[in-house]
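Residues per chain are reported as follows:
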Amino acid sequence: MAYCEDTDPEEEQRVAVDTLTEQKSLLAELSPGKRTRLHRLLFEFGPGSGTLMLLPIDQGIEHGPRDFFPNPDSKDPDYQFRLAAEAGYSALACQIGLASKYYPDYAGQVPLILKVNGKTDVPSSAHAFSACNASVEDAVRLGADAVGYTLYVGSPRQDEDLAQLRQVRQDCDRFGMPLIVWSYPRGEAIDAKGGAGSLYAIDYAARMAMEMGADVVKLNMPKIDPAKDKDAPAPYNEMEVTQEEAIRHCVASAGRALVVLSGGSKVDDETVLQNTRDVLEAGGSGVIFGRNVWQREWSEALEIIGQIKETLLSSVRRTP
Amino acid sequence: MAYCEDTDPEEEQRVAVDTLTEQKSLLAELSPGKRTRLHRLLFEFGPGSGTLMLLPIDQGIEHGPRDFFPNPDSKDPDYQFRLAAEAGYSALACQIGLASKYYPDYAGQVPLILKVNGKTDVPSSAHAFSACNASVEDAVRLGADAVGYTLYVGSPRQDEDLAQLRQVRQDCDRFGMPLIVWSYPRGEAIDAKGGAGSLYAIDYAARMAMEMGADVVKLNMPKIDPAKDKDAPAPYNEMEVTQEEAIRHCVASAGRALVVLSGGSKVDDETVLQNTRDVLEAGGSGVIFGRNVWQREWSEALEIIGQIKETLLSSVRRTP
Amino acid sequence: MAYCEDTDPEEEQRVAVDTLTEQKSLLAELSPGKRTRLHRLLFEFGPGSGTLMLLPIDQGIEHGPRDFFPNPDSKDPDYQFRLAAEAGYSALACQIGLASKYYPDYAGQVPLILKVNGKTDVPSSAHAFSACNASVEDAVRLGADAVGYTLYVGSPRQDEDLAQLRQVRQDCDRFGMPLIVWSYPRGEAIDAKGGAGSLYAIDYAARMAMEMGADVVKLNMPKIDPAKDKDAPAPYNEMEVTQEEAIRHCVASAGRALVVLSGGSKVDDETVLQNTRDVLEAGGSGVIFGRNVWQREWSEALEIIGQIKETLLSSVRRTP
Amino acid sequence: MAYCEDTDPEEEQRVAVDTLTEQKSLLAELSPGKRTRLHRLLFEFGPGSGTLMLLPIDQGIEHGPRDFFPNPDSKDPDYQFRLAAEAGYSALACQIGLASKYYPDYAGQVPLILKVNGKTDVPSSAHAFSACNASVEDAVRLGADAVGYTLYVGSPRQDEDLAQLRQVRQDCDRFGMPLIVWSYPRGEAIDAKGGAGSLYAIDYAARMAMEMGADVVKLNMPKIDPAKDKDAPAPYNEMEVTQEEAIRHCVASAGRALVVLSGGSKVDDETVLQNTRDVLEAGGSGVIFGRNVWQREWSEALEIIGQIKETLLSSVRRTP
Amino acid sequence: MAYCEDTDPEEEQRVAVDTLTEQKSLLAELSPGKRTRLHRLLFEFGPGSGTLMLLPIDQGIEHGPRDFFPNPDSKDPDYQFRLAAEAGYSALACQIGLASKYYPDYAGQVPLILKVNGKTDVPSSAHAFSACNASVEDAVRLGADAVGYTLYVGSPRQDEDLAQLRQVRQDCDRFGMPLIVWSYPRGEAIDAKGGAGSLYAIDYAARMAMEMGADVVKLNMPKIDPAKDKDAPAPYNEMEVTQEEAIRHCVASAGRALVVLSGGSKVDDETVLQNTRDVLEAGGSGVIFGRNVWQREWSEALEIIGQIKETLLSSVRRTP
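Protein chains in written order, with the numbering used here: chain C, 7 to 326; chain H, 7 to 326; chain A, 7 to 326; chain R, 7 to 326; chain P, 7 to 326.
One chain only, chain C, in its complex shape (with noise of 0.2 Å):
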């Protein structure tokens, strides 16, 4: 890349967040199955007023059932079901065969978003790749109002991610089902300019996602740490930004789609409410806390739901 010689780096940096533009609406722009299905989890469950509030279930494949020891009533799925319906999530997001067995006794009480792919972490993730265990047909079967795709951004086997994606897109864009992509840099690659959790990667994630099509983007918080990311390509390895520019650059980078953001391993409070209000100001269209959530026993989860719902009104920014 070469740069405009009379371009300060730094300069430059600033006015990136500072123009960051205002993207239009997304509804506008999307065909009548999407804008419907989107609108039912924007506005019509959860906190609303076009925010999203999700909750994953998808820690029983992609971790195995080690997740569930802290509150050993989240071993049974219904813990989950019961929660997003009862206290009022915008949808919930778990594989086929929670879908099947446990989705029918809430159905039309909570969104469900089916995600098609996913994977153990038994095996290194140095050629990640998560196969497609369930197809678009099989969410519009079960009624489900959105799709979740896993994408590796700089797998070496991005070309089979890329053209797997391609078919949930395509059948996305045939049955007018939202996409959300769960967009995460994995590989050696990656490792060696940073890391899958720096600025640099996070952003790339961000824009490969809404370039392949997602109609939402789930990001992972994106991790400054100079002593790494001094191996990220220019300008990233120079950069100097605080943790709220950083989740701006990402959100802008995803554009008209919109974005959510993950929690990772249980945290505290402050930082999951402080998180929530970050990605919210910073453009962002909401949270998708799993573990931060459901290894608390039921009156704790729903304390902390009550306190992510609040700050995520109070914190909108963005009309989707």
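Please keep in mind that the hints were generated in silico from the structure rather than gathered at the bench.
Heads up, some of the hints might be wrong.
In this list, chains with the same sequence are indistinguishable; a pair is considered to hold if it fits within one copy or across any two.
[What the hints assert, rightly or not] In silico SDA-like links for lysine to any residue, alpha-carbon gap of 25 Å or less:
no., residue 1, residue 2
1, Lys229, Tyr112
2, Lys236, Asp127
3, Lys234, Gln313
4, Lys236, Ser131
5, Lys234, Ser131
6, Lys30, Glu166
7, Lys229, Glu68
8, Lys229, Val247
9, Lys30, Glu92
We have chain C already, so just place chains H, A, R and P on it with the hints.
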């Protein structure tokens, strides 16, 4: 994974076992076709009362004829088919060749589970993957009441396995055919985390099968081995559970999917019956013993089968 | 594998051979289409009386033209076609090119077995896999009465092989076309367990072919070699069997599928006839000799064929 | 390759350039659908007069967001779309995500080229292959006037690339959609023969694209580098050509397919204009400059675009 | 391979050549569609009298533009098309791009052979495989009279090659399109057995092509090289044949399939004509010379073509 800091791991484990959720009826969630067929196995054939006593005759492909030498009569597949019919099994499980050439003589006398994939044990199982040699449509054509699929959880080829299982699962949904997943941990990554027989591995396998859409999960008995378990991810690396608790964990992880436990190589009679008792009392639905049964001559085989049947009926805890 | 402790392995082996189950009629189990076509080979052409005398002319692809030099006339495929028709063979087996360009002249005079896969022997066979170059539909179109498929049992590519065979087997079921499996052990794992010619390997190959849906299994003659057999799995590593007993084991392992034994490279006449006698007396249904027949000039070929035919008819033990 | 012995290589080269065949009209050979659509790009939009001025906005996927920092406005894809429409481009080229979410606002104002494959630059490009993420049917549905495909000439995965391109090309033929091939030499074998930028490599890439059915070929500027060119096959290893002659060779190798030259990373204005002049005078049809244009703020971008347009019109030599 | 002990290898070889079977008419065996189209090439265009004089213009993809420098006019594909039409060729063979953009001007004037696969020579050919870039349906659509396919005999990827060829062959059968196989030995296993140019290799390639369903086989001239031939399998390792005998062997191995011999790189005129004479006298049907023809300027090219044509007609021995 992050734990609440005020949680005592050992306390957690006991709670996990004590608060085991009573699973809702599986049959109530199933489509009419699956329900009709599974009802046959659970109530109309075999011991009944919602139990499963299954006879596998897939060792000829998985191990070769060597398993038949201890009881030369068993080399003729008709031996196992006759045993299944006359001793009153819930169903017999075999591959397409036997189903085509031996099942016709017993059609109507004992239900058939068509195993749709399989492989020899000649090459190394480091990259285990078992390709389909038959389809769900074959099963429908042959009058089978369920389909069997072998999933290698944790194999480096899990992507191919999950994609193949997806096709089988979707065809099962289409035809109303119950799906039984033989869920086996495999691969060097599993070996490095405690081994294929560890509670960590079997527990994960139980959850994976259910998440991928299994109606019934076939598991091997988890083996407690502190020396190897210390390499498993937390909390398995520090758990102290009894054999009975281990089984309860696995049955719980399978959720609404029914669990049948297998016997493996031939063991003494008391172990056979104790295992039967353990899995039923833990909420499992039955057993699948092959070599432990048909490596005996006819009258001895009938005797142990009678004892297994009695044990199943006296130990049943769960209404499917 | 666990044995009953009170069992004497040698005793077991004798029993296995002595109690060889009389297989039920194969034809009675087959669909009308398969039955009609196989009946032609067994009773209407060739020696008849339920025997199979097959002429293979696939060496031009499997080995190249080098096999034709000992009898230059044999380089012209018409030589083998004329021999099959005039000497009265049960059927001739070849690939699509010969079937298309040479069989038309002999249509109606001798049945055709279309081999649907094959390969050169130029590259190493360490990862042996033989891709299909024709379809069952090609066989139907050409008026063939059976389809031939080469399966490499134990090859590291067994997953591809079994998946490919599945398609062929399903098409055979669909069209009522008998399926003949050339079942060959292959790969370094087999080499490490006694080799491709060992009883362990051939016995496994016999069972695999039958389990995968073969109606007829083509096997190589098992070779007793204590020095190599000791590396085979138990009980093969300590078995002491005669050549005759070895064949009986393999025929028994193929169950209701018929067995034809092959000749391999050219041997003396007495061996040819003794092998013929052995396989028929062991319950096999016939022989498939290629080079042993057509590497002779016309009148010599006719003479040995007459002797083989006579031996077949005088040794037949099984009603197919 | 054998040469006539009486031929002087240098003489040959000059002749090759001097006798450059006047290509017949491409449009006259095309099907009505291709002709209609390509006519729009060549005559109805952009500079017209049979020239092509294309704006690519695929860097967000090929390089990631890092390319947008020099001009922060460019991070919002609407910037490039607006530029293409307002400055009067022949067409804008992008991937499916941008085409779906940003093109609708400019439909009818500027033609769309849908690029149907692409990849990140995160993993090594040693085995470069760019999987399709969209189809020609997607392009038809979105109202695109051409399809873009990236071919990696010389990659060890060329077999997959050519098979994939075949599908795209056939669909283009079926739908009457012009096919533009981004023809890039890649892989270590190319590196060992002078490199991806050498005349040998670009010349080969031009021919390959045309031979594979491209209507328009997008090439990088060949770079003369005697130190590296000496590793190229004869006669490239000893050719002494000017930059202008090198371009003429490549344009000639593309035959009746039209050629557009790309700019790569940002260079100074005079180089931009000189390259434009060179390719048109060599018989090429246009240019495709991305970063050289939109890494400038709005008014500067408009100014250079105006100069490019003027240069195109004053340098055009070929009637498409 | 076992030989009759009383056979003298040298005697065998002479016999093989002396008793060369007169092949039956190929045309008589072909379907009406194939017969109609092949008749055009053999009798209605070119020299006629059942000969084939083919002009290949696939070097632009197989070698790149470097082959065109000796005769700069040849860089424009129209040169070869015009030559084929005006000099009266039996057919011209090229890939899809040239067929689409250059053949229309000569439709009806010279038959077209559409080559459906091809590749660059940039990467190593150790694992040679040439993916299809066009279909038989493309050939039908373009009015072609035959389809060309390049098969790499002995390549480690032979399984993919044979599976791909199967599809092409089946489509040829379906559409009545003659199939011409460019049959080339390739791969390190061939190199270790005497090399791609040895009689062993070419003889095998001839048989393979015919066995896989070729109607016409294109072979390279076998080269006698005792130093390398000693590594070939018996009896090739000890054969002493003349060039003429070597060709006769290869022609015989192709059976009823017609043989055309290629020229390779440019050689002197007498060799061109001698090769033509040799292949025709050995029972071959024609020649396919590319660089030997179009690497000459127009009048010289016409002159050698006239001489080739005359030689063909005066040497023809076989009625197709």
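To see whether the hints hold, each was checked on the structure:
no. : hint               : result
1   : Lys229 with Tyr112 : neither (37 Å within a copy, 37 Å between copies)
2   : Lys236 with Asp127 : between (29 Å within a copy, 18 Å between copies)
3   : Lys234 with Gln313 : neither (34 Å within a copy, 43 Å between copies)
4   : Lys236 with Ser131 : both (24 Å within a copy, 22 Å between copies)
5   : Lys234 with Ser131 : both (20 Å within a copy, 23 Å between copies)
6   : Lys30 with Glu166  : neither (32 Å within a copy, 39 Å between copies)
7   : Lys229 with Glu68  : both (22 Å within a copy, 23 Å between copies)
8   : Lys229 with Val247 : within (10 Å within a copy, 39 Å between copies)
9   : Lys30 with Glu92   : between (33 Å within a copy, 19 Å between copies)
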